[in-house]
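Number of protein chains: 2
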Amino acid sequence: MDQVTLSKPHDRLADALSDEMRAVDRLIRDRMVSEHAPRIPEITKHLVEAGGKRLRPMLTLAAAKLCGHQGDADVKLAATVEFIHTATLLHDDVVDESAQRRGRPTANLLWDNKSSVLVGDYLFARSFQLMTETGSMRVMEILSNASATISEGEVLQLTAAQDLKTTEEVYLQVVRGKTAALFAAACEVGGVISGAPEEQVDALRAYGDALGIAFQIADDLLDYVGDASSTGKNVGDDFRERKLTLPVIRAVALASEQERAFWQRTIEKGQQDEGDLDTAMELMRAHDTLEDTRLTAEAWARTAREALEVLPEHPLREMLSDLADYVVSRLS
Amino acid sequence: MDQVTLSKPHDRLADALSDEMRAVDRLIRDRMVSEHAPRIPEITKHLVEAGGKRLRPMLTLAAAKLCGHQGDADVKLAATVEFIHTATLLHDDVVDESAQRRGRPTANLLWDNKSSVLVGDYLFARSFQLMTETGSMRVMEILSNASATISEGEVLQLTAAQDLKTTEEVYLQVVRGKTAALFAAACEVGGVISGAPEEQVDALRAYGDALGIAFQIADDLLDYVGDASSTGKNVGDDFRERKLTLPVIRAVALASEQERAFWQRTIEKGQQDEGDLDTAMELMRAHDTLEDTRLTAEAWARTAREALEVLPEHPLREMLSDLADYVVSRLS
Chain Z
73 MDQVTLSKPH
83 DRLADALSDE
93 MRAVDRLIRD
103 RMVSEHAPRI
113 PEITKHLVEA
123 GGKRLRPMLT
133 LAAAKLCGHQ
143 GDADVKLAAT
153 VEFIHTATLL
163 HDDVVDESAQ
173 RRGRPTANLL
183 WDNKSSVLVG
193 DYLFARSFQL
203 MTETGSMRVM
213 EILSNASATI
223 SEGEVLQLTA
233 AQDLKTTEEV
243 YLQVVRGKTA
253 ALFAAACEVG
263 GVISGAPEEQ
273 VDALRAYGDA
283 LGIAFQIADD
293 LLDYVGDASS
303 TGKNVGDDFR
313 ERKLTLPVIR
323 AVALASEQER
333 AFWQRTIEKG
343 QQDEGDLDTA
353 MELMRAHDTL
363 EDTRLTAEAW
373 ARTAREALEV
383 LPEHPLREML
393 SDLADYVVSR
403 LS
Chain S
73 MDQVTLSKPH
83 DRLADALSDE
93 MRAVDRLIRD
103 RMVSEHAPRI
113 PEITKHLVEA
123 GGKRLRPMLT
133 LAAAKLCGHQ
143 GDADVKLAAT
153 VEFIHTATLL
163 HDDVVDESAQ
173 RRGRPTANLL
183 WDNKSSVLVG
193 DYLFARSFQL
203 MTETGSMRVM
213 EILSNASATI
223 SEGEVLQLTA
233 AQDLKTTEEV
243 YLQVVRGKTA
253 ALFAAACEVG
263 GVISGAPEEQ
273 VDALRAYGDA
283 LGIAFQIADD
293 LLDYVGDASS
303 TGKNVGDDFR
313 ERKLTLPVIR
323 AVALASEQER
333 AFWQRTIEKG
343 QQDEGDLDTA
353 MELMRAHDTL
363 EDTRLTAEAW
373 ARTAREALEV
383 LPEHPLREML
393 SDLADYVVSR
403 LS
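Line by line, the protein sequences give chains Z and S. FYI, in the numbering used here the residues of the first sequence are 73 to 404. FYI, in the numbering used here the residues of the second sequence are 73 to 404.
Check the hints yourself; a few may be wrong.
One copy or two, either will do: identical chains are not told apart, so a pair holds if it fits within one copy or between any two.
[Claimed, not checked] Listed next, the in silico SDA-like pairs over lysine to any residue satisfying Cα-Cα at most 20 Å (straight line):
#	residue 1	residue 2
1	LYS341	GLU270
2	LYS315	ARG111
3	LYS125	PRO81
4	LYS315	ASN185
5	LYS237	ARG111
Hints in this document: simulated from the structure, not taken from any laboratory.
If we strip away everything but chain Z, and leave its shape as in the complex, we get:
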C-alpha cells in the first residue's frame, strides 16, 4: 500500500511494522492462555480482539527498529506493554463502573467485577514473566517504575476527582499516570534492548512522555470540542462525571466569585441542571481556556517531535514525528 492511501501516521506505522505486529499478536494469543484457568482467555480475547489501535506496542517496535534492534526482545516487550495496558483497562472498568469500552460492553458487565480484577492481575503477572525473558534488569526497572507511576496516577485521579483545588501540576501527574508513563516506557525499552546510546534512549523516553501528554490533553479537550460521531463519546461526558480536566482547571483558576459558585455547585456538589454544560462551555470560551489547552497540547506535540532529532534519520522517525502532529491535529 502506498502512502497516499495510508495517510494517517498510525496506519503507516502499522504497515511498516506489519511483520513484527503479527508476531506480537501471536505472542499475545499464546501467553493469554492459562492451562489452569480456561476462563482467562475468554475474557482477555474480548479485550485484545476488540483491538484498539495497538499504539503502545507499535511504539516499542518502532523505537527498537529505529535503533537497529536484532532478535526477538522487541516483540516480547511490545506484547508486555500491551498486556500492561490491557490490565489497566480491566481494572479501570471495575473502577469507573463504565459501561462501554472501545464501543463494546466492558468485561465487567459481560462477566463481573471479580473476573476483571483477577484477570487484570493475571495479565500483569504475564507481562512481568514476558519481560523477564529479555534478561535485562534495566528493562525491569523501567517497567516497574512505569507501573508505579500508573497506579499512583490512578489513585491521585480518584482523590482529585470533584476537587476544585486540583492544580495543573496534579493534572499533569494524573496524565502521566494514565497515559504518558506507559508511552514513555514503551519507547524507552525499545531503545534499551537495541543497545542504543544513552542520548538516544533519553530522547525516546522524552518523546513517549510528551506524546502521551499531548495525546491525553487532546483527548480531554475533545470531550468538550470533539465531534461525537468520530470520538465515540458524548460532548460533556467529563463535565457530567465531574472530572477536572485542563480546560476546566484553567477556567476555575480564572473564575470570578459568581463563576466559582457555578463550578462548586456543578463539579463539587454534582448538582447539575439542564443548560449547565452550555454555561460551562461559555465560561471556558470566555476565559479562552479551550484555546489555551489546545496550544498546550500542541506545545507537547512539538516537544515530542523535537526529542526525535537526536535519533538516526529513518522513515520510522518521520512517522513518529507525524504521529505527534496527528494526535493534536484533530483539535484544529
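Based on these hints, arrange chain S on the given structure of chain Z.
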C-alpha cells in the same frame, strides 16, 4: 526470652529474626509512601499495621539466614513478599465482598472498591520495584511465576466455586495459587540470594510449597472442625458460601445418589435450610472425609519437614520444621 515462654514456632522465629523484621517493617513503611498520592499510605497502613503474622517475610529471612546470607537483599525480598501478599488481600476484599479481614473492617468498606483495586496495583508495582533492587534476574523469574500462579489460582477458584465437578486436582491448584505459591517463592528467593547450592534452593522451595498446602488444607478443615473463638470464623462459613474445599470434595466423590442431591441443592443451587450444615457434617463424618483431610494435611506437613533435611543444621531449621508441625497441630 526463653523457649518455654515462646513455645509457638512462629514466635520463636519472630524472636530469632527480630532485627531483620524491624528492618523489614521500616522498609515497608518507607516504600508505602507515595509522593503524589497521599491516600495510599492511609489505606495500606490500615492493612500493614493490622499486622497479621508476617509469616511470609519471616520465611524469606529464615531461608536466607539459614543459607548464610550477607547483605540487605533478604530484607528487600521479605518486604517484597509482604507487599505482594497485602496486594492480593486488597484485591481479594473486592472480589469476595468480605466484610472482615483480620478482625477489622476491610479496606473496601472503609474506603471503596476503587481504592482497593488501585492501591493493590500500587503495592504490586512497589514490590516489583523493590525486587529489581536485588539485581537478580532469577529472583524476578521466581516472583513473576509466583504472581501468575496466584492469579490463575484466584480465577480458577472463581470458576470452580459452586461446581460439584471440582476435583482434588483443581482444589490443589487453587490452594497453590491462594497460599503455597507465595510461601514457596518466599523460601526459594531466600536461598537464591544467599547463593545456596541448587539442592538447597530446591529444598526450600519444596518446603514452602508443602507448608503452604498443609496450612491451607488445615485452614479449610478448621472451617468445619475449628473452635470459633480461636479461628475467628464461624463453623460452616465455607458451606454457607458454597465453597468446595477438600472434605466436601471427597464427600461428594463418595456420595450416594440421594446424598448427591443434597449437595446439588445446597452447594450448586444454594438452597440451604436450617439443619443443612448438620447434615453436611454428618455426611462428611459418615465418609470419614474430615479425618482423611486431616491426614492429608499432616502428610503435607511431613513432606515439608523432610524437605528441610538437606539444609544445614541450624536452630532456624528446627523452627521451620516445628512450624510445619504447628500448622496442622490445631487439627488434633
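Okay, which hints does this one fail, numbers in order?
Number 1 only.
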